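Undergrad: Taken in sequence, the protein lines are chains X and D. Take 1 as the starting number for the first sequence in the numbering used here and just add one per residue. Take 1 as the starting number for the second sequence in the numbering used here and just add one per residue.
Among the hints, a few may not be true.
[To be verified] Keeping only pairs whose Cα atoms sit at most 20 Å apart, straight-line, the calculated SDA-like set for lysine to any residue is:
hint, chain 1, residue 1, chain 2, residue 2
1, X, Lys352, X, Lys209
2, X, Lys120, X, Ser92
3, X, Lys108, D, His12
4, X, Lys74, D, Leu135
5, X, Lys352, X, Glu221
6, X, Lys21, D, Leu135
7, X, Lys74, D, Ala62
8, D, Lys11, X, Phe242
9, D, Lys11, X, Lys108
10, D, Lys11, D, Gln95
11, D, Lys133, X, Lys352
12, X, Lys154, X, Glu221
13, X, Lys105, D, His12
If you are wondering where the hints come from, they were derived from the structure by calculation, not from laboratory data. Source: prediction; values computed, not measured.
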Amino acid sequence: MATMQLKNIFKIYDNGFEAVKDFNIDIEHGEFIVFVGPSGCGKSTTLRMIAGLEDISKGEFYIDERLVNDVQPKDRDIAMVFQSYALYPHMSVYDNMAFGLKLRKVDKAEIDKKVTDAAKMLGLDHLLDRKPKALSGGQRQRVALGRAVVRHPKVFLMDEPLSNLDAKLRGHMRAEIIKLHKNVGATTIYVTHDQTEAMTMADRIVVMKDGVVQQIDTPKEIYDMPENLFVAGFIGSPTMNFINGTIKNGKFVVAGKEFGIPGGKYAALEKGGYEGKDVVLGIRPEGIGGEPLFLETFADATFKSTINVAELLGPDYIIHTMLGEASITAVVPARETMEMGKEVTLAFDMNKAHFFDKETELRIR
Amino acid sequence: MFFQPIFLISKHPIEWETCLEVVASYLEAHAIQLHHMTTTTACLEVVTLGYPNEQADWRAIASMLEQDFMTAMSIIVGKPEFEVSSWERQQQIIQIAQGNHQAILHFEQVIVDSMGLMINSEAISHLLQPLRKQLTPEHRETIRAICATNLNLSKAAKHLYVHRNTLNYRIEKLLQVTGVDVRTFYGAMMLYATINLTH
Numbered sequence: 001m002a003t004m005q006l007k008n009i010f011k012i013y014d015n016g017f018e019a020v021k022d023f024n025i026d027i028e029h030g031e032f033i034v035f036v037g038p039s040g041c042g043k044s045t046t047l048r049m050i051a052g053l054e055d056i057s058k059g060e061f062y063i064d065e066r067l068v069n070d071v072q073p074k075d076r077d078i079a080m081v082f083q084s085y086a087l088y089p090h091m092s093v094y095d096n097m098a099f100g101l102k103l104r105k106v107d108k109a110e111i112d113k114k115v116t117d118a119a120k121m122l123g124l125d126h127l128l129d130r131k132p133k134a135l136s137g138g139q140r141q142r143v144a145l146g147r148a149v150v151r152h153p154k155v156f157l158m159d160e161p162l163s164n165l166d167a168k169l170r171g172h173m174r175a176e177i178i179k180l181h182k183n184v185g186a187t188t189i190y191v192t193h194d195q196t197e198a199m200t201m202a203d204r205i206v207v208m209k210d211g212v213v214q215q216i217d218t219p220k221e222i223y224d225m226p227e228n229l230f231v232a233g234f235i236g237s238p239t240m241n242f243i244n245g246t247i248k249n250g251k252f253v254v255a256g257k258e259f260g261i262p263g264g265k266y267a268a269l270e271k272g273g274y275e276g277k278d279v280v281l282g283i284r285p286e287g288i289g290g291e292p293l294f295l296e297t298f299a300d301a302t303f304k305s306t307i308n309v310a311e312l313l314g315p316d317y318i319i320h321t322m323l324g325e326a327s328i329t330a331v332v333p334a335r336e337t338m339e340m341g342k343e344v345t346l347a348f349d350m351n352k353a354h355f356f357d358k359e360t361e362l363r364i365r
Numbered sequence: 001m002f003f004q005p006i007f008l009i010s011k012h013p014i015e016w017e018t019c020l021e022v023v024a025s026y027l028e029a030h031a032i033q034l035h036h037m038t039t040t041t042a043c044l045e046v047v048t049l050g051y052p053n054e055q056a057d058w059r060a061i062a063s064m065l066e067q068d069f070m071t072a073m074s075i076i077v078g079k080p081e082f083e084v085s086s087w088e089r090q091q092q093i094i095q096i097a098q099g100n101h102q103a104i105l106h107f108e109q110v111i112v113d114s115m116g117l118m119i120n121s122e123a124i125s126h127l128l129q130p131l132r133k134q135l136t137p138e139h140r141e142t143i144r145a146i147c148a149t150n151l152n153l154s155k156a157a158k159h160l161y162v163h164r165n166t167l168n169y170r171i172e173k174l175l176q177v178t179g180v181d182v183r184t185f186y187g188a189m190m191l192y193a194t195i196n197l198t199h
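Start from the sequences and build out the full structure, keeping to the hints where you can.
TA: Now the structure itself:
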């Protein structure tokens, strides 16, 4: 286990392109941190700087309070798992797992113990003599993890390790990695573009965009209290609904309809000088309902609409409709049949709504 | 027998003997002919009995070497048709590749980049500079992905982890901003030159 501290880290390439800008985080012993963001947001570059595979252009990086900017990767006590879980085809599972240790001239008996222990932990003990060709995709990925586990590093760095697997196997391996983290306890940084992986695995999530950290927080806080429009839209599936409207006399007005704003939320809007101004309302699909009790509870935030598309998921429907010019997606229980063209009355749970500044895109609080 | 030129460039000094041994095994090579070696570069030819496997996953090989040898690794991949035995030619290729910042670089890309260097005159730079200023990180990523996948948009979308429609939308936006269509050979070449060659 190790603590890590990244202080004002930048990655600037020779051509002046800034891939990572002013990255700051303190990571505790044994934490599972997930970097998430769209392709090109700088998450893998940051991971490679932590590994020492990329130089840090500016800033300071500490492992266990020791400045390691100029420490070679092999001396940082880290292990990496990458997206392409290729294994040496000519080596057995045992030799694949032992190879890194052999390179470090570890004693043969110790290698044997470490490989055997890791294989047991990963359920690979009966496969040690097999060649990679004779393994399934999931088994190969477990060997790739095993190659890192045998080194007993202070820090695990994982760069999209599951993205080559199919959806079902990915779900299974997610659980395996969480279990592994609990057993091994090493501080882990995990890079993914998949927000489901981020939400299910992380102690804390770092959301990035264009090389800039947008928010660092627990999955629940990121989901419930997104800092800005980008985070709000990136995390959550189906994505949050965004509706452009105006604050008028303590209400949110859109397409001639008025939605009551709870006192606490309106106080923040009033304090920020948003009365009479345009804002963006964000509400998650599960914050919209059409059941009688829901409509009764949020009677001052209802609207009538026509269903454009209804997708049955089993217990719920995802319905797509419109409010003025805004597309609305709602998740409603499948007690009543929903179908295209049906007229429905829906309500917003305004306690779960967020307001964002149109210019800065920051959440108003 | 076929002789495939391969250059390995490591960020940190590395134990080449073991590294080359595993590369040879990975490629099922008959033998390896080493041209020259420094603490961080190795220029060699991989000798195979059949034509080299065009499907070899070089990215996976680079990842494995990075994991085991704990160093950033770039690989320049040649074809048997290229002749690179002279030290001077090897140095030229390495120099061009080092300016590219890609983990895997095929000789075709090196040749295109070197053509770019030849025409990277002030006049061309001036011509491309305004275009370069308009490109956002997302544009650059899109251009790189489309070029890396030989203008195959489905593969490019997969590479970027986005839906094909999202990629189409990004391409249209890029076209609106730059007036250049990255779906065409010349458009892609021009945008590739813009992100890689101008200073």
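Undergrad: So, against the hints stated earlier in the document, which numbers end up violated here?
TA: 1, 3, 4, 8, 9, 11 and 12
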